[in-house]
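What follows is each chain in one-letter form.
Number of protein chains: 2
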Amino acid sequence: MAKANLFYAQSGGVTSVINASACGVIETARQHRDKIGKVYAGLNGIVGALRENLIDTNKESASAIAALRSTPAGAFGSCRYKLKSYEENQREYERLMEVFKAHNIRYFLYNGGGDSQDTANKVSRLSLDMGFPITCIGIPKTVDNDLPITDNCPGFGSVAKYVAVSIREAGLDVASMCESSTKIFVMEVMGRHAGWIAGAAGLASEQEGDAPHIILFPEIAFNKEKFLKKVNACVKKFGYCAIVVSEGAKYKDGRFLADAGGADAFGHVQLGGVAPFVANMVKDELGYKYHWAVADYLQRSARHIASATDVEQAYAVGKSAVEFALQGKNAVMPIIVRGTGKKYSWKVGEARLSDVANVEKMMPRSYISRDGFHITDKAREYFQPLIAGEDYPEFKNGLPQYARLKRILEKKKLKKWE
Amino acid sequence: MAKANLFYAQSGGVTSVINASACGVIETARQHRDKIGKVYAGLNGIVGALRENLIDTNKESASAIAALRSTPAGAFGSCRYKLKSYEENQREYERLMEVFKAHNIRYFLYNGGGDSQDTANKVSRLSLDMGFPITCIGIPKTVDNDLPITDNCPGFGSVAKYVAVSIREAGLDVASMCESSTKIFVMEVMGRHAGWIAGAAGLASEQEGDAPHIILFPEIAFNKEKFLKKVNACVKKFGYCAIVVSEGAKYKDGRFLADAGGADAFGHVQLGGVAPFVANMVKDELGYKYHWAVADYLQRSARHIASATDVEQAYAVGKSAVEFALQGKNAVMPIIVRGTGKKYSWKVGEARLSDVANVEKMMPRSYISRDGFHITDKAREYFQPLIAGEDYPEFKNGLPQYARLKRILEKKKLKKWE
Numbered sequence: 023m024a025k026a027n028l029f030y031a032q033s034g035g036v037t038s039v040i041n042a043s044a045c046g047v048i049e050t051a052r053q054h055r056d057k058i059g060k061v062y063a064g065l066n067g068i069v070g071a072l073r074e075n076l077i078d079t080n081k082e083s084a085s086a087i088a089a090l091r092s093t094p095a096g097a098f099g100s101c102r103y104k105l106k107s108y109e110e111n112q113r114e115y116e117r118l119m120e121v122f123k124a125h126n127i128r129y130f131l132y133n134g135g136g137d138s139q140d141t142a143n144k145v146s147r148l149s150l151d152m153g154f155p156i157t158c159i160g161i162p163k164t165v166d167n168d169l170p171i172t173d174n175c176p177g178f179g180s181v182a183k184y185v186a187v188s189i190r191e192a193g194l195d196v197a198s199m200c201e202s203s204t205k206i207f208v209m210e211v212m213g214r215h216a217g218w219i220a221g222a223a224g225l226a227s228e229q230e231g232d233a234p235h236i237i238l239f240p241e242i243a244f245n246k247e248k249f250l251k252k253v254n255a256c257v258k259k260f261g262y263c264a265i266v267v268s269e270g271a272k273y274k275d276g277r278f279l280a281d282a283g284g285a286d287a288f289g290h291v292q293l294g295g296v297a298p299f300v301a302n303m304v305k306d307e308l309g310y311k312y313h314w315a316v317a318d319y320l321q322r323s324a325r326h327i328a329s330a331t332d333v334e335q336a337y338a339v340g341k342s343a344v345e346f347a348l349q350g351k352n353a354v355m356p357i358i359v360r361g362t363g364k365k366y367s368w369k370v371g372e373a374r375l376s377d378v379a380n381v382e383k384m385m386p387r388s389y390i391s392r393d394g395f396h397i398t399d400k401a402r403e404y405f406q407p408l409i410a411g412e413d414y415p416e417f418k419n420g421l422p423q424y425a426r427l428k429r430i431l432e433k434k435k436l437k438k439w440e
Numbered sequence: 023m024a025k026a027n028l029f030y031a032q033s034g035g036v037t038s039v040i041n042a043s044a045c046g047v048i049e050t051a052r053q054h055r056d057k058i059g060k061v062y063a064g065l066n067g068i069v070g071a072l073r074e075n076l077i078d079t080n081k082e083s084a085s086a087i088a089a090l091r092s093t094p095a096g097a098f099g100s101c102r103y104k105l106k107s108y109e110e111n112q113r114e115y116e117r118l119m120e121v122f123k124a125h126n127i128r129y130f131l132y133n134g135g136g137d138s139q140d141t142a143n144k145v146s147r148l149s150l151d152m153g154f155p156i157t158c159i160g161i162p163k164t165v166d167n168d169l170p171i172t173d174n175c176p177g178f179g180s181v182a183k184y185v186a187v188s189i190r191e192a193g194l195d196v197a198s199m200c201e202s203s204t205k206i207f208v209m210e211v212m213g214r215h216a217g218w219i220a221g222a223a224g225l226a227s228e229q230e231g232d233a234p235h236i237i238l239f240p241e242i243a244f245n246k247e248k249f250l251k252k253v254n255a256c257v258k259k260f261g262y263c264a265i266v267v268s269e270g271a272k273y274k275d276g277r278f279l280a281d282a283g284g285a286d287a288f289g290h291v292q293l294g295g296v297a298p299f300v301a302n303m304v305k306d307e308l309g310y311k312y313h314w315a316v317a318d319y320l321q322r323s324a325r326h327i328a329s330a331t332d333v334e335q336a337y338a339v340g341k342s343a344v345e346f347a348l349q350g351k352n353a354v355m356p357i358i359v360r361g362t363g364k365k366y367s368w369k370v371g372e373a374r375l376s377d378v379a380n381v382e383k384m385m386p387r388s389y390i391s392r393d394g395f396h397i398t399d400k401a402r403e404y405f406q407p408l409i410a411g412e413d414y415p416e417f418k419n420g421l422p423q424y425a426r427l428k429r430i431l432e433k434k435k436l437k438k439w440e
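In order, the protein sequence lines correspond to chains A and B.
For the first sequence, the working numbering begins at 23 and goes up steadily by one.
For the second sequence, the working numbering begins at 23 and goes up steadily by one.
Same shape as in the complex, but just chain A (with noise of 0.2 Å):
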């Protein structure tokens, strides 16, 4: 019999490490070649799967394969498709199990978000309903750190790392300009429900003064007075505010402050501009002169200033997701169990897909400061660790070289999807 193969689809938004989750899948399925047989990688996620679309890792060499350590996106594309349910679209799930069998896939490796671990879940319990059992595990990954159970997601490191980092030399640059001219300067930070993006800016002001001055987190509902009095506070005492605000700050009646309208597959509204909107309002009300930034892509695809624990732990989950296959787990997730010790150290623990699927972990109130504006000490020392350590990709010619994949698909043996 021929050995089983695997299946792994990048879903959802990409981050700077994602890929390092996939070179940490492929590496060890490498390693066992006596157990697994080709590894598969659906051409733009799970999409790839239902097409057809099945990009034959083998064919990469182990340098590609290595550099995907150091290079930020999906590297096979990834999809923002959310599978509906069994009963609603059963010919979807049909046809994942008629490709699957096709190709003797027997493992699905799902590298995304809560919805899509609620996707492998779904399809771990339908492949035994359907006599083709297929071992699913979830690989986490999302930069808005919003699964549960695990301390943290995989990606989320490395955008805190670059919007601390970003707030931290922008602060300094408003800093010298203050006295004649910019004296508010406004960061939009990714962050749709939860503040953690935004909570993980605040790392950057080490001592009174320093820059971020003011967080507006998703969790307070933004009170407009209260934080005009905060920013002339802080243009009184330290010559400007530098402000962090998160994409889903919104009043307290749940209106986003700046809604651009339209939504996505997962029907989540995308956002954006909000920074214009807080920079105007500050300047209409206080007169002060300001500049904004929205990071948008650029924050969570940074990978040049990716934080090296969670280059290292997104190579570990994927890792980790092979082993817990060859074990004979299935519906589980690996995850990130902090240890209990001063030091920070963590280790790689499970969790089920059934507990993880469409639960959305919320920053704790702790976290945030009691005026609402900042973060607490609290939070500081959970996010730190998250951010800390380089891991500098090889660059050539003063620019990131990033793994370039040949991605030559498997040859079709069915009809076309449509």
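Because the hints were derived from the structure by calculation, they are not lab data.
Check the hints yourself; a few may be wrong.
Same chains, same names: a pair is fine if it fits in one copy or spans any two.
Within a straight-line C-alpha distance of at most 30 Å, the following computed DSSO-like cross-link-like pairs (lysine-lysine) qualify [said to hold, decoys possible]:
#, residue 1, residue 2
1, Lys-305, Lys-251
2, Lys-311, Lys-383
3, Lys-418, Lys-259
4, Lys-258, Lys-438
5, Lys-400, Lys-258
6, Lys-383, Lys-246
7, Lys-106, Lys-305
8, Lys-106, Lys-351
9, Lys-428, Lys-57
10, Lys-25, Lys-428
11, Lys-305, Lys-104
12, Lys-251, Lys-311
13, Lys-258, Lys-428
14, Lys-259, Lys-104
15, Lys-311, Lys-428
16, Lys-259, Lys-434
17, Lys-383, Lys-364
18, Lys-433, Lys-57
19, Lys-369, Lys-418
20, Lys-104, Lys-311
Put chain B on the given structure of chain A with help from the hints.
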């Protein structure tokens, strides 16, 4: 007689390496204690001289001064304050002389762009007329790269590296997502009148299909129809389109694509927000889902990804400025002279301030591709060495450690300046 003192000031928008020039000035002056007494730095630039706010850099430790080499922004404070002509505001020049005399300042080193070189030149001439000759040396600095004569401006290489790295990384992100989600990414970069920064972003594209696919230069009148056609062609061919747009992009009639209104102290219009404008135009006309980023101050303060070449050159022009002063030169500015060999080399040369002042160097048309949407090989040859090499700052707890100066002011001797 007391030894002559030196006054150094930072001017205009700061960069990630202007402090490296300050480091070059101070460290070199400290090697000539026989000739130079104190090195004063203006608190917030030239305004510091007018207000007699003179930071005594001799009070800073050698390690603090050394740390300036890897600290972004203006450690002594900069300003957007342009001295009027002598005829218009004689009082200001007289005050400057009064302060310089009171503190026995015989050397004036002014670190800035074209406006500042003009000021330094004026001070040099007036000091002679006023019978208290001051040796005035300009030190080039501008992210805009628009000073004449010098091959390039310290500050530019690092912002160039930042934008090229960023669009490469964000481009990979969009490439991962484009199958089912974002197809258009627009990154706005600085550059009021010249497309140097936008052009440098073009370095990220090394093979066909690499981001950026389109660059919108201030030099090329924006043609909506042609632009949209090109965007569509990129999406059809590569699946997505990554666009770099200069804040100075404008229509044929000279109107900026997005003019945020307002003007700075030099009379330049303050720009921003062209990225969302362009992104929305594409969405409206072609229907593609978009993301956009405005890096703003992040790009010019990103010391964590500074160009090693840029850092070295910034230091060298600071060092040379002191050496020029000690050699009896006056009203000159150290410049970067590129070697003529195949392999990149550079040395410090000099230019007369009168030749530098208020001249803006535009990007040659030969650097822009025939269709106006990208750079040529000639441009690559020019840009590439300027972003070469990495010069990482020291990190602690995951964050770059930047200099914290004491900034102790010299005791005032004069009446308050109103």
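Hint-by-hint comparison with the structure:
| no. | hint | result |
| --- | --- | --- |
| 1 | Lys-305 x Lys-251 | within (13 Å within a copy, 38 Å between copies) |
| 2 | Lys-311 x Lys-383 | between (37 Å within a copy, 28 Å between copies) |
| 3 | Lys-418 x Lys-259 | between (45 Å within a copy, 27 Å between copies) |
| 4 | Lys-258 x Lys-438 | between (66 Å within a copy, 21 Å between copies) |
| 5 | Lys-400 x Lys-258 | within (28 Å within a copy, 50 Å between copies) |
| 6 | Lys-383 x Lys-246 | within (27 Å within a copy, 45 Å between copies) |
| 7 | Lys-106 x Lys-305 | between (46 Å within a copy, 28 Å between copies) |
| 8 | Lys-106 x Lys-351 | within (25 Å within a copy, 76 Å between copies) |
| 9 | Lys-428 x Lys-57 | within (25 Å within a copy, 63 Å between copies) |
| 10 | Lys-25 x Lys-428 | within (24 Å within a copy, 68 Å between copies) |
| 11 | Lys-305 x Lys-104 | between (41 Å within a copy, 24 Å between copies) |
| 12 | Lys-251 x Lys-311 | within (16 Å within a copy, 37 Å between copies) |
| 13 | Lys-258 x Lys-428 | between (57 Å within a copy, 20 Å between copies) |
| 14 | Lys-259 x Lys-104 | between (49 Å within a copy, 26 Å between copies) |
| 15 | Lys-311 x Lys-428 | between (49 Å within a copy, 27 Å between copies) |
| 16 | Lys-259 x Lys-434 | between (67 Å within a copy, 23 Å between copies) |
| 17 | Lys-383 x Lys-364 | within (24 Å within a copy, 57 Å between copies) |
| 18 | Lys-433 x Lys-57 | within (22 Å within a copy, 78 Å between copies) |
| 19 | Lys-369 x Lys-418 | between (34 Å within a copy, 23 Å between copies) |
| 20 | Lys-104 x Lys-311 | between (44 Å within a copy, 18 Å between copies) |
This entry satisfies every hint, going by the numbered hints stated previously.
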